[in-house]
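Protein chains in written order, with the UniProt record's numbering: chain H, 1 to 320; chain A, 1 to 320; chain S, 1 to 320; chain U, 1 to 320; chain C, 1 to 320; chain X, 1 to 320.
Because the hints were derived from the structure by calculation, they are not lab data. One or more hints might be untrue.
What the hints assert, rightly or not - Below, computed lysine to any residue pairings styled on SDA-like, alpha-carbon distance capped at 20 Å:
hint, chain 1, residue 1, chain 2, residue 2
1, A, LYS24, U, ASP11
2, H, LYS12, S, VAL26
3, A, LYS104, A, ILE141
4, A, LYS71, A, MET36
5, X, LYS256, H, LYS12
6, C, LYS282, X, TYR259
Please read all numbers here as calculations on a predicted model, not as lab measurements.
Spelled out from the first residue to the last, the chains are:
Number of protein chains: 6
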Amino acid sequence: MEKQTVQNLKDKDSVDAMFLVKEKNVGVGKNGRAFMVLQLGDNTGTIEGRLWDRVDELTREFELGDVIKVKGQVQLFQNRKQLIVHRLERIDPTQVNFEDFMPKASKDSEDMLVELLQMVRSMKNDHLRQLVLDTLEDPEIKPMVLRAPAAKSIHHAWIGGLLEHILSICRIMDFMGKHYPFLNRDLLLFGAIFHDIGKLWELSYENGISYTDRGRLIGHMQIACELVDKKASRILGFTEELRDICKHIILSHHGKLEYGSPKRPKFMEAMVIAMVDDFDSKVSTLKTILDNERASGEKWSRYNELFDRYFLLDDMNEKL
Amino acid sequence: MEKQTVQNLKDKDSVDAMFLVKEKNVGVGKNGRAFMVLQLGDNTGTIEGRLWDRVDELTREFELGDVIKVKGQVQLFQNRKQLIVHRLERIDPTQVNFEDFMPKASKDSEDMLVELLQMVRSMKNDHLRQLVLDTLEDPEIKPMVLRAPAAKSIHHAWIGGLLEHILSICRIMDFMGKHYPFLNRDLLLFGAIFHDIGKLWELSYENGISYTDRGRLIGHMQIACELVDKKASRILGFTEELRDICKHIILSHHGKLEYGSPKRPKFMEAMVIAMVDDFDSKVSTLKTILDNERASGEKWSRYNELFDRYFLLDDMNEKL
Amino acid sequence: MEKQTVQNLKDKDSVDAMFLVKEKNVGVGKNGRAFMVLQLGDNTGTIEGRLWDRVDELTREFELGDVIKVKGQVQLFQNRKQLIVHRLERIDPTQVNFEDFMPKASKDSEDMLVELLQMVRSMKNDHLRQLVLDTLEDPEIKPMVLRAPAAKSIHHAWIGGLLEHILSICRIMDFMGKHYPFLNRDLLLFGAIFHDIGKLWELSYENGISYTDRGRLIGHMQIACELVDKKASRILGFTEELRDICKHIILSHHGKLEYGSPKRPKFMEAMVIAMVDDFDSKVSTLKTILDNERASGEKWSRYNELFDRYFLLDDMNEKL
Amino acid sequence: MEKQTVQNLKDKDSVDAMFLVKEKNVGVGKNGRAFMVLQLGDNTGTIEGRLWDRVDELTREFELGDVIKVKGQVQLFQNRKQLIVHRLERIDPTQVNFEDFMPKASKDSEDMLVELLQMVRSMKNDHLRQLVLDTLEDPEIKPMVLRAPAAKSIHHAWIGGLLEHILSICRIMDFMGKHYPFLNRDLLLFGAIFHDIGKLWELSYENGISYTDRGRLIGHMQIACELVDKKASRILGFTEELRDICKHIILSHHGKLEYGSPKRPKFMEAMVIAMVDDFDSKVSTLKTILDNERASGEKWSRYNELFDRYFLLDDMNEKL
Amino acid sequence: MEKQTVQNLKDKDSVDAMFLVKEKNVGVGKNGRAFMVLQLGDNTGTIEGRLWDRVDELTREFELGDVIKVKGQVQLFQNRKQLIVHRLERIDPTQVNFEDFMPKASKDSEDMLVELLQMVRSMKNDHLRQLVLDTLEDPEIKPMVLRAPAAKSIHHAWIGGLLEHILSICRIMDFMGKHYPFLNRDLLLFGAIFHDIGKLWELSYENGISYTDRGRLIGHMQIACELVDKKASRILGFTEELRDICKHIILSHHGKLEYGSPKRPKFMEAMVIAMVDDFDSKVSTLKTILDNERASGEKWSRYNELFDRYFLLDDMNEKL
Amino acid sequence: MEKQTVQNLKDKDSVDAMFLVKEKNVGVGKNGRAFMVLQLGDNTGTIEGRLWDRVDELTREFELGDVIKVKGQVQLFQNRKQLIVHRLERIDPTQVNFEDFMPKASKDSEDMLVELLQMVRSMKNDHLRQLVLDTLEDPEIKPMVLRAPAAKSIHHAWIGGLLEHILSICRIMDFMGKHYPFLNRDLLLFGAIFHDIGKLWELSYENGISYTDRGRLIGHMQIACELVDKKASRILGFTEELRDICKHIILSHHGKLEYGSPKRPKFMEAMVIAMVDDFDSKVSTLKTILDNERASGEKWSRYNELFDRYFLLDDMNEKL
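Work out the full structure: start from the sequences and follow the hints.
What follows is the structure, given as structure tokens:
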């Protein structure tokens, strides 16, 4: 029998599977009885779970961030699947590989890193290349790079998402360096790799994705600048001016003050990095939204708040 | 002796050359004497001209849009060159090739069109390919495509600028179609070519670049939609639905209502076209600005109103 | 016995009447039982319906857009009427006149059209008058004009609403033409009639009011411009310049880019049309809101999101 | 010989006429000599005056706000008329009727007031009618009403301009009261007359139009509210509630907080007053702008900052 | 036994206590049975009450604004306390001191007023001091000052809150007058006391806090200006200019047009009053929010819409 | 004879004094002759200088940033003083104390620093106190603190201005710590001192005030964070968490993203620091503007672009 996943569950299915508890709320129903509302996830998606019996007892059995084994049944509620939980059991965390319960990049992280390092080695400026290599091959950092998501939600919000986003931008930069030969390719690649690297420490992704205290207090741009200082200080001849150029690229990559960049891009490469980052993030976000919406079988999406519009759900590759 | 052009004029040069009159104002000086302020252009740029003598007489000799032969001398005023006009003479317009007096794209228009048509021929959808070919090869339209600028000022504001902008976006789209394989390449190429094609009629570029009445009243997006209707109505099997998709791409390519698009992009390809158009226009605009500013020899640009910032003028390809 | 309508239903009434299904959702209650939430409408308004029994069975009996015969009872929930459905039965659509289930303009459409045509015949410019008459008397268009709403919701969102809105603006324009004699009355009347005429194709109003694909992709302004081209091309001597003036009025009638107009009004008549359209729409919208709110018997309305304020519900004609 | 006015002066005319000094600046020319720049006005417009000789001596002869007799000559500077002053002489202010030197409404103030009072007498609510009559017939206020402008510049900025604006709105309100019969006509007329009446004290218009200290510190809305209190306190049975309704109309007539209204319109009549005031002001402003621009003989206006656009200068009444 | 208050209620407590009814809604449950949702308040806070039995009967027993005696039990619903009401009984309003059921300032109102009057007596300008004293000691106004809240919700929204806010600002102004000696201390104190004094009439706080009709129609700034007129007219030598300065301070104290001030601050003291008012309000608001959020025991607050952010809940005085 | 300064120069004065050259432009006059426009400063202000003779020769004698000895005469041009330069001579920079030519704080820097250090020593948290002391007493930093301005223009733009701004805020914080006892005084003082300390390196103030490359590329907030890292790394027990709190205060002190803060204040002390910084800067800016404007003798200021208003110039301390 095929393994049951959030994605392949269907209306009226009997369920016997394990999920990560991403949200957990207990309520008192209008009839005076307690009930529980859960967000249950695995590596294919998230489903709402509802529990009506023995709530008082079961609520003490597990916490947010635990993996639980669930028996129950799927129902459709307003065209969305809901899992009515009949029984549940907490799995001992030491027996759990939490990554199995979070979505993953569609490509293999190790493969992506190999391709990325190849590109890095083609950088001409010794100092910049060294800075990037020392970072990506740092034994503490490398495993984080292989796993970190690019965001809490919205775009590339999955295991390996940051690396996928970095690699996508690097490939675009490789093209742009040829298309606009007046641009410095080394800086483009540096920016592609370092603009979001502070997210390795801004986000925590042990059980689900959340912000760290550092992330909330100082943010990924500040963290990345500190990383530049730390790594560059060990590279002979890495000037303060070059550090400032690197930091400027990081600090300006959101493009506008109101998007949280304390500096606007002040040279061409910084500007291109901000624009391509925005471009790849938007395409990835929209891809995720459209894939979700297409599941409904409608021609037009529901109103999308982020983009403030309805989307046409036709796949143009099939239509034309 | 080298031909005198706006670009190669230097302080204290004696001048004997021909220019297009792009602006013409007559003033009364504080000493009660009339003077004339001109903007004089050729295919390398524009210089301010000043005339102090025989103004009453000479002002009747020529009009805005004429080409005149000027004798005079170059002076520096606040680090900008100024041409003090001593004598001038109007050239019979029938003897003038006005294009010699406007800036041109850095590439040959015919070559660009050849490359563009090659790409068009690789489009898979017969209807779309036919629509684009019927347009670019229309004997009335083709010569306009070879010459039209992409804007009155700001970006690609030169003879052949529109074609240069179109070709640049087509190349980017060719890459994007491979990079994001879920995008329909035919629509990307259609959008690259048609999004601004209404500018052929929105702008007039006989003597200098200005807006036509049509351009001011209905704009290039409306004109392009009418072109789609006109051409598509002669292509067998070109459905109204496909027309509407084409028109949607045109109408939404400014990306936001406040930028003059009556529709926001509602599918992925329309969104990518709007973003890549914005991207290529910004890079081109900034390139022009930085090239101009670098002439000053300063490290930082003057305050730039369009981007609301000062730019670092270092060329990173030389610096790194 | 008086016919039961949404408007005249009262708390605790037993109901036996027919309604159009405007929304239909099935849910699973906290007790694990399915229930159904409906929006049920007739020509006097809309009421929420709730069904608790035999949901699985009945949900298959009818679809959104059907007319159903309902037996049940009215209850008050948070001061709003709710219809508890006990039994329901689908009516064969071929036996239904759907217009009986949508709100209507307060005036007779045929009468309004007669008055409108009378005004049109007083236009002095032969080309403009012909353009308008050829449109309103087009045997395909005329029946649409008699029935179309002016919007999906908000203002004049009822059968005949567009005509009511057009006629109201025409009367105001008739006055304005006298009040400001420097305005051209023909253009004012043209704008009053054509600014929203694209809505005939932008909206679908068979069972409820919704947007068409054309409406979403290219919008009513683009559609109206195409109508101008189609009709004007058959009128001898109708110049392209006059077409552009007509199209400009249409394209600029939302007044500002951020309201979806690709052009700002560039002559006085275009400006007045945009302002009067806004004025009549706002008055109509507010009238509808206040009439609804007054039903509550309160002195102040609930917070109104559209206008971002609370309204005083006193009727000043009664108060003073 | 026709009297010389700003309007009928032509290039190269010898001038011998009287003007109000609206601005006066003394400068030191680049040749070290002093010169004087004046704005000289009469009831037909304003012209720039320039004086090159005996500046030191003449500058002590007159002040801003004086009327002077000027001899000199007209010159064109950048298509605008300039008056080169050769001699000048101050006129004893006691011999001057300053109103002869300010633009006037195109209609006779007394006639306008008669029409206005007639409308007021048709108001049905005794208290409101009394309030308005007591104000307009107050022997201190009436002469101000006959003369006050509606603004410092922009719209109705001439002697009698406020009355002209009030009367225009009253006529529109008279129509609107019939067109939308649910509106209370008395409140519409009250709002038409009182919304800007504080301008009688906000603006000073003895020699030119300027703001008073009261105008700058508390503004015309606050002043009008105080007037309501003062007048209403002498009318038997004028309730505080009615006063508050009157004040609300005044305080909300700019429509939005950011336009300086401390309250948004909270009932229909207040909303209509704000919209019609905005409408009549915009039409009047645009009329003034277009009339000025048409003098240039161009087809398109210069860029207009207030409306952020270029205007088409064709008169549609002549064109169609 | 300790008196039961909203604050000291705990999960599963049996309740027998009196509360003010701040909101009252009756609904029909999904099982067809009616239920009632109440907001019940005392001087320590507000709790949601839910009633499941005998709803039809009990709903007629009491109204919004009544005090009721409740028997029931506390339950947690999504980490918030909820009171399940078993029995309830209306208390005869004549037997109720409603202030016992609204939150109060943490300081004694009489003490605060004594301190305030002491500061007022130190004002140097006789007219201003008299104006403030005549107001605060007015036998009609004084009792209102002792009780009024500063707002409906958000900041200082409790009995005595306005006085607490006024006194806090007065103390800050006392400091600022010394710190910036170029500021006029009398005006600072006047502004501290009068900027919000119109709230005495803008808000009603008999049973809960709500807006009065005057408050909604003309607002506290207009009301305060009328108070200045009323009181100043009885003080010999109080000039109209001083009145206008006082009114300007009141009218400009929201600092920006879009915050509802019809005038921007136009002298230093008016500016300082607007800024200090904003400062004290924000600190007080944030204090209230953080105190509430800290009850949850979390390190970070929930998303706060007013400030558009998450707050760190650490108390820095404990942490450092 | 009193020393001649920019401030005490009067119309028609003969001048023989030294000034710093803050701007230098050479133009060609309409008569074809060259002239020079200078901005000349000393520690009391700045005056425009104009030179008409021997421009070609004298322009080579000195550069921007030099101090020159000038002979010439004062003239009034549009109510502003202008210095007509007859002769000039460059002063050997090694003989110049440039600080004599820049405006200074009104208080002695050494005295201000003594007071500041006294406050710092009263901080309770050992780590924070040490961090601040190690910074202010760093032999490289201390002399910069004594001299740095707080901004390029606008507020505290003079020698010692940063220290004056810091001390002013510290005093306010000392008060606020008592007024709002729930605030942590140590963090308030830290924020007062460190929020702008990066300006020591962001600004250069050798000859005039300008931005450094570091300032433009990474800004004073980033620089200050690096300083925290550098100093804290040498203090035993200074946790990373405390560093992040310090950095958060720095990074959030502009209060809003659009003002260049990459983080919004997320705890009370950070919020208070942002508000008090804004408050002291605005008061100081406005004080400077009003002092300048009052020199004109007018009752109302010219239009002020920064604050978008006209200011009343009355000194309320004199008026009341």
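Against the structure, the hints come out as follows:
For the suggested pair LYS24 (chain A) and ASP11 (chain U), the alpha carbons sit about 18 Å apart, so the restraint of at most 20 Å is met. Using a Cα cut-off of 20 Å, the hinted pair LYS12 (chain H) and VAL26 (chain S) holds, with the two alpha carbons roughly 15 Å apart. For the hint pairing LYS104 (chain A) with ILE141 (chain A), the CA-to-CA distance comes to about 19 Å; that is within 20 Å, so the pair holds. About 15 Å separates the Cα atoms of LYS71 (chain A) and MET36 (chain A), which keeps this hinted pair within 20 Å; it holds.
Taking the CA atoms of LYS256 (chain X) and LYS12 (chain H), the gap is about 50 Å. The hint is violated against a cut of 20 Å. Of the pairs offered as hints, the one joining LYS282 (chain C) and TYR259 (chain X) holds, with about 19 Å between alpha carbons and a cut-off of 20 Å not exceeded.
Against the hints set out earlier in the document, a violation occurs for number 5 only.
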